[in-house]
Amino acid sequence: MRPFTQHIGVVAPIIVDNVDTDQIIPSREMKRVSKHGLGDGLFAGSRYNYDGMKKVGLRKNFVLNKPEYCEASVMLGGENWGCGSSREHAVWALCDYGIRAIIAKSFGRIFLRNCARNGLLAIELPAEQIDLLAQSTAPAPQSNRVLIDLEKGEVQAPSGEVFSFHIAESDRNMLLNGLDHIEYTIQHEDQIARFTESDKKTRPWAYL
Amino acid sequence: MKQTLFDKIWDSHVVKELDDGTSLIYLDRIFIHERTGSIALTSLKDQGRPVRNPAHVFATMDHIVDTLPGRGDSTLMPGGEEFIKTMRVEANDAGLTLFDINDPRHGITHIISAEQGITLPGLVAACPDSHTCTLGGLGAIGWGVGTSDCEHALATETLRAVKPKQLRVRFDGELRPGVTAKDMVLHLIGKYTASGARGHAMEYAGPAVEALDIEARFTLCNMAVEFSAFTGIIAPDEKTISYVQGRPYAPAGEAWQQSLEFWNSLQSDSDAVFDKEISIDCADIAPTISWGTSPEHSIPVTAVVPELDHAVSEETRDQMRSAMEYMGLEPGQALIGLPIDGAFIGSCTNARLSDLRAAATILDGKKVAKHVRAICTPGSRLIKEAAEAEGIDEIFLDAGFEWREPGCSLCFNAGGESFGPEQRVVTSTNRNFRGRQGRKTRSHLASPASVAAAAIAGRIADVREMS
Ligand code: SF4
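So the sequence lines, in the order shown, correspond to chains Y and F.
Once you know that position 123 of the first sequence is 123 in the numbering used here, the rest is easy, because the numbers rise by one and skip nothing.
Once you know that position 201 of the second sequence is 201 in the numbering used here, the rest is easy, because the numbers rise by one and skip nothing.
Be aware that one or more of the hints could be misleading.
What the hints assert, rightly or not - Now the stretches of chain F that chain Y is said to cover, found in silico as 3 or more residues with beta-carbon under 8 Å:
id	stretch
1	32–44
2	143–155
3	321–333
4	458–465
Since the hints were derived computationally from the structure, they do not count as laboratory data.
Each residue gets a CB set at the ideal place from its N, CA and C atoms; glycine is no exception.
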């Protein structure tokens, strides 16, 4: 995975509370036997116009459809962002669309767990700071970008203001080193091999 | 000393304590199914990562597969066939053991994992499915995971996790006539809420649990996740050992003797300390049924839908009100006598031979009410054949039940089938969530015998009056 050290990006605000994984990607968009290509289904319910079940063009007033946000790679969110069903498709859809970080007031527990393991940085900031970020980026999102520095644990608003944040140490490690959770564990492959070798001797009946 | 049953298994599987407070836990077995397993396998392949130990990985098709007689790969579920075909290709490529649709060992994941002797007492078995906790009935740690964790499991034979806290639920006394393991667990969740065991691994203990046969123990453990437990587990005993002995993947010869030694040590020490304890007197348990849209909305079948002012908080009251609206019920309304449209006996909760026998006892020589669509889906092909050898299929068919091929079936809309909007269904499954068995379908969870009783009466009935 691409390591996450610093990122500068266009910020798209969806500062609503309880944006659930169903809204992030409706179940009808999850038909594929793959994690890829799900970006098309991101926020499908709000992003597209429908004729029955068929998509018929984009909804002009949805934030991601506005020209000034078309390069968005950071999202701003409200409380309990990503709550609801544990479907990891929500995170896959965000990553596939090109989102690198989400800054919200708080996150759904499972969603948060799914973010780091897929290389998506999830940052919690107090409500006032989220509002400040929204205000300072909104007038010209393409030039008023935010800078996220994971090493320092800081988000810098276009106005120059700096907000610090903390994330779980293991998540930080994985993101900084571009390790997904499998690579993170594979670092301990020696121990796994040693464990199974000696375990096979103590519990031979457990091995097929 | 001072170890719980869960500690003994968990601690013996710690590969390493990591500096972030999690433990790296070795997994003895991994079981996958076509709905989530197919994605995990494809994704691993995309990353160029092999399955670390294919000998310990098993796969089946239960979630999407059709259960109508004469089925093939196609299902009514849009795009379903692709999952089935992908699973077949990927499982073969990865070198796993696949119990394909027409394999004589085919069936619902958690049922066949035990039936084949794949999961054994004292093992840690993971599966990308929340009802993996079922396997606790054998005294194993059944660990339900998401797709990413499943990939991690397949690639590394381990999972990373913080050890959960521990809860012991004791069932004292004896079950009264007509009361089953399903009623025990619905009673438990009804009393202590659907989040009663959040953050805890749960051990079921006490004389009434010891008295249960292994199949009933699976039912009890199956619904641990509906109680929000990390998993449910029961100490193995003589019954467990005779259940396991001679199963295809169970150890034999010298290995069998070694396994017995370990299994005999698998009880919580008398001085073990649990973070939380609950005890229930079985004399208080009646045949139990759910009225609402969460398993915690469970009450004795003879009771009435609760009054809203009994709710402890505003939030609970709102949830109850909306559940009643969805279910087409009023506070204070009796459940007995409510006309039903459907009856379903199946799922990893209650589709084993003893469940089918219990239902057949009620159905024998009787007819399902005309307006009721009744379906029975045995949990595995071996169960189906064993039932057929006893003539149980005849009893079901004569009564007017459909007799299906194994799979998850109408537990959720597996195979793309569902009951209709506002149809009231009594079901032996584990989840009565909104839309679980069809858009706007109203599901009432109950034991297989209670489902059979309702199917015959054409309305919700007290099984004690039918037997
Ligand atoms: S029978 Fe139902 S609960 Fe069990 S694994 Fe299948 S879908 Fe899940």
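Q. Can you name, in rising order, the numbers of the hints this structure does not satisfy?
A. Hints 3, 4 contradicted; others consistent.
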